Amino acid sequence: MENRLRNLKRAMKTTTFSGLEFNDEHRKEIHKKLHKEEREEDILSSILQLLSQEKTGFELAKQLRGRGVRKFEDNEGLLYTLLHRLEHKEYVESCWAEESGKLYRITKKGSRLLNKQKKSSAANSNILGTLMEARF
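FYI, in full-length UniProt numbering the residues of the sequence shown are 1 to 136.
Wrong hints could be hidden among the right ones.
Derived SDA-like pairs (lysine to any residue); straight-line CA-CA distance at most 20 Å [said to hold, decoys possible]: (1) K102 to L64; (2) K102 to R85; (3) K55 to K71; (4) K116 to S52; (5) K62 to E41; (6) K89 to G57; (7) K62 to K89; (8) K108 to S45; (9) K71 to L83; (10) K108 to T56; (11) K108 to L44; (12) K55 to E73; (13) K71 to K108; (14) K55 to L78; (15) K71 to T81; (16) K9 to E41; (17) K116 to K102; (18) K62 to R105; (19) K118 to W96; (20) K108 to E87.
What follows is a set of in silico ranges between Cβ atoms, one per label pair, in the way DEER data are often shown [to be verified]: (21) E2 to E87: 21 to 29 Å; (22) D24 to G68: 24 to 32 Å; (23) R4 to H88: 32 to 40 Å; (24) T56 to K118: 47 to 55 Å; (25) A11 to H88: 27 to 35 Å; (26) A11 to D42: 52 to 60 Å.
Please keep in mind that the hints were generated in silico from the structure rather than gathered at the bench.
Computed from a predicted structure; not experimentally measured.
No residue lacks a Cβ here, since even glycine has one placed at the ideal position from N, Cα and C.
Between the sequences and the hints, there should be enough to build the whole structure, so can you do that?
And the structure:
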């Protein structure tokens with residue numbers, strides 16, 4: 001199998017990608033872009049992690065910004081829509097508090113999802129790390 005991949009790589013270099021140059025600058029730029037993008041999975045994980053303690057939507061938005069999540073910065077309504085969906089799927093529950101308003105917290109079902117994501121993410125990061133370290 002490995003020989004076939006090497007042969008394919010060699011063939012691609014001499015034909016398809018013969019004019020393509022992939023230098024360190026290109027690789028670094030790709031690294032930056034990969035790290036910059038906010039994946040939905042990562043945002044969901046951050047929300048569920050932060051809701052291990054009760055929080056208002058405002059507190060949650062502030063802490064998400066602190067983690068570098070910018071998706072809700074100028075559109076906090078999007079965060080409340082997402083919280084409502086998570087509530088509907090029973091990953092999050094809410095209650096009203098007189099002094100602070102609506103409070104959100106993760107449920108057992110949400111905790112199971114978070115643990116599942118952590119395991120999946122660890123496996124994916126190992127694969128991604130291996131791919132990123134590979135030099136062509």
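Exercise for review: Measure nothing beyond the straight line between the CA atoms of K116 and S52; if it is 20 Å or shorter, mark the hint as holding.
Suggested key: holds (16 Å)
Point to revise | Restraint check for K108 with E87, where alpha carbons must lie at most 20 Å apart | key: Holds: K108 and E87 sit about 12 Å apart, inside 20 Å.
Check your understanding: Is the straight-line distance between the alpha-carbon of K55 and that of E73 20 Å or less?
Key -> Holds, at about 17 Å.
Exercise for review: Take a quick look at whether K108 and S45 sit within 20 Å of each other, Cα to Cα.
Suggested key: holds (14 Å)
Point to revise | 20 Å Cα cutoff - pair K118, W96 | key: This hinted pair is violated, its Cα atoms lying about 30 Å apart.
Review point. Taking 20 Å as the top limit, are the C-alpha atoms of K102 and R85 close enough?
Key: This hinted pair holds, its Cα atoms lying about 15 Å apart.
Check your understanding: Given the proposed pairing of K108 with L44, does the C-alpha separation stay at or below 20 Å?
Key -> holds (15 Å)
Exercise for review: With 27 to 35 Å as the target window, see if A11 and H88 comply at their CB atoms.
Suggested key: Distance hint for A11, H88 is violated at roughly 51 Å.
Practice item. With a cut-off of 20 Å on the C-alpha distance, tell me whether K9 and E41 pass. Key: With a Cα-Cα distance of about 32 Å, the restraint between K9 and E41 is violated, given a limit of 20 Å.
Exercise for review: With 47 to 55 Å as the target window, see if T56 and K118 comply at their CB atoms.
Suggested key: At roughly 25 Å between Cβ atoms, K118 and T56 fall outside 47 to 55 Å, so the hint is violated.
**Study point:** Range agreement (Cβ of D42 with Cβ of A11, hint 52 to 60 Å)
**Key:** violated (37 Å)
Check your understanding: Is the Cα-Cα distance between K55 and L78 20 Å or less?
Key -> holds (17 Å)
Of the numbered hints listed earlier, those contradicted by the structure are 7, 13, 16, 17, 19, 21, 23, 24, 25 and 26.
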